[in-house]
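Chains as they are written, first to last, in the numbering used here: chain A, 1 to 207; chain B, 1 to 166.
Since the hints were derived computationally from the structure, they do not count as laboratory data.
Just so it is clear, the structure is predicted and the values come from calculations on it, not from any experiment.
Heads up, some of the hints might be wrong.
[Claimed, not checked] Distance windows between CB atoms, simulated: (1) Thr84/B - Phe100/A: 26 to 34 Å; (2) Arg75/B - Gly84/A: 51 to 59 Å; (3) Ala97/B - Lys185/A: 53 to 61 Å.
Quick reminder that beta carbons are idealized off the backbone N, C-alpha and C, glycines included.
Next come the chains, spelled out residue by residue.
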Amino acid sequence: MPFQSVGRRPRQRKLTDLHVETVQRAQAGDQLACRALVESMHRPVLATIHRFLGRRYAPDAEDIAQEIFLKVFRSLHRFEPERGVRFSTWVYTFVRNHCFDVLKKRTVPTAPMHAGEGERPLDPPDTHTARPDARLANDELGDKIEAALQALNEQQRMVFILREYEGLDYNSIAEVLGVSEGTVKSRLHRAKEAMRDRLAPFLRAGA
Amino acid sequence: MSEPVPPPTDDSGWPELRDHDTEPVSAHFLDETLAAIDRDEGVAWSRLLARHLVPAPSADFVDRTCARVVADSVRAAPLGGRRTALRRAWLSLAAAAGLLVAGALAWRFTHPAEGPGARVWADAHPVARSFALAARETSRATGGDSFFSRVRFDDIDGLSLLASAK
Chain A
1 MPFQSVGRRP RQRKLTDLHV ETVQRAQAGD QLACRALVES MHRPVLATIH
51 RFLGRRYAPD AEDIAQEIFL KVFRSLHRFE PERGVRFSTW VYTFVRNHCF
101 DVLKKRTVPT APMHAGEGER PLDPPDTHTA RPDARLANDE LGDKIEAALQ
151 ALNEQQRMVF ILREYEGLDY NSIAEVLGVS EGTVKSRLHR AKEAMRDRLA
201 PFLRAGA
Chain B
1 MSEPVPPPTD DSGWPELRDH DTEPVSAHFL DETLAAIDRD EGVAWSRLLA
51 RHLVPAPSAD FVDRTCARVV ADSVRAAPLG GRRTALRRAW LSLAAAAGLL
101 VAGALAWRFT HPAEGPGARV WADAHPVARS FALAARETSR ATGGDSFFSR
151 VRFDDIDGLS LLASAK
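With the rest of the complex left out, here is chain B (with noise of 0.2 Å):
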């Protein structure tokens, strides 16, 4: 397949529409250009294509288009400097709640659970014992059916006191 004939270039270096191509339509051109194209000669496409001609730009298109790319522009930095600023602050509360999570699973794993509801107290003060034994009794004695009736004492006479509430 032969190749194009690359198009003029302009003083820019770009290359200009090849609608200046105004040679008039004769059958002359006609059967040449249609030989050239059944030989697939570039130059052939070329010649019949300058024949297609477009709408030329507005005068002002180009003014106007950089006033839209510069009006585009002072648009988008604030609206830039504000997405940038949600993001940082989606981030900082992304960053906080991933704190939040992780120290409360630091402390289940270091603080089990023996069982629901049960609580104990290494340690109890004798007072907070005798308090808790008497509170039970009077709760009974009653037949009232309070917190303290259902506290269980399993190690009475050890330091470690367990309550468990039913």
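So that you can see chain A by itself, here it is in the shape it has in the complex (with noise of 0.2 Å):
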């Protein structure tokens, strides 16, 4: 009797698809789509929580990280994909909430002021900017939008980040926020005005 192919693996495609399957089979308590899930999410979520939250709060990311990817699990049977809703727009309510959440508590952790000698090297490597001068002028950049971008209230912020960063249409926005598209639209404007503000005087000085 020949041997018959038992599972058989998904092609990998794009977003929409690619969840549909593989949370499908999560929910069934497959452990290795729940691999999968958390391989294609624990980039955009740790971002989302580095960028939302800030600097102060870069050593608990990853522990942050991991609470939320625990609510998700628990609350995978309760996620519909035929309601229309994307895995990934549900997760950054997981992600919207739980950073709202660890805001409201207040505890802000010890971190160090400067980057100091066991940190984790920046990702990726900046290995097109040889030039000292210019990597510094990078970094210095980036530290003027980090300012600008903590500046921001926290739901402006929620909303650039979700936009600008992580490419959300603004149906999704909305839907991880709980408001409308027209308030998502509002809040968006008023981030990159503040945002525009804060960095054009940095921006015309140059580097």
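With the hints in hand, could you dock these two chains into one complex?
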């Protein structure tokens, strides 16, 4: 009797399709599918945490991300792909709620003022900027962006991150935040204005 | 408002972090970016924000997270079983209590009381009536204050005997 393929590995496809199948397998208890979900979502989740909470929370970012994943998997049975919500959008809802909770608690962790020894390098290593002055300028610009981002209020910051960094559409952001698309657009507009105002002097001054 | 440029995707179709876009910052780049932002071009934000790097995840982050998820699900499974069993026990208790209350209410409404301490014996046996009368007379004669001295017989000749304790 010829051997038969028991489980067909799904083709790697675009965002939505990949997750509908993978999530359904994960809901059925397939640990490989669970791992695939973590693998595909961990970078966006971590990046959003870093950008939303800022460097003060950097030492705790991975713990926060893990707590979010635990919540996601505890609630996985409640996710209904047929309702048309993307899995990534659903996960961002957990990210948003957990990050807001963290800020509510305001237990600011102790973090070094400057990157110390033993801290992991930034991702990815900047191989293109061989010149130290160029790298320094990049870092400085990054710091300015970070400062401008952290100066936004929480609602505007989350909208800006989801839109400009994570590339979510207005409808998805509205679902994540539980507000209307109009509110999303309005918050994004104000966030961009504020970012632009804060960054313009630096940009005009040049590197 | 212009639409932002969709983020690049990796082989699996997921957006890569756009931190790879590491063109050195130059005065020209900044001028161009600011001008694009002023024109509200989505690409300008993408180019600018690409400089905002975040720490890379630990190499073992996925492994550790999956291990925690598995451990959490294992812990949750028996807990879930216990919760279900507890819920069932409470439901059984609640059902039994409900039945008792319903039975008591039914009995109460089918057996209405006729006053405080009242007792009605329909068709009392003559021997019993004789015994009760004799007991009352004896009690009164001796000046005692027993239960029988306080018995009231309203219809001694009838078949019903009403006794009430004051």
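These are the hints, each one checked on the structure:
Our hint of 26 to 34 Å for Thr84/B and Phe100/A holds, since their Cβ atoms are close to 32 Å apart. The beta-carbon spacing between Arg75/B and Gly84/A, approximately 33 Å, falls outside the hinted interval of 51 to 59 Å. For Ala97/B and Lys185/A, the hinted distance range of 53 to 61 Å is satisfied, since their beta carbons lie about 56 Å from each other.
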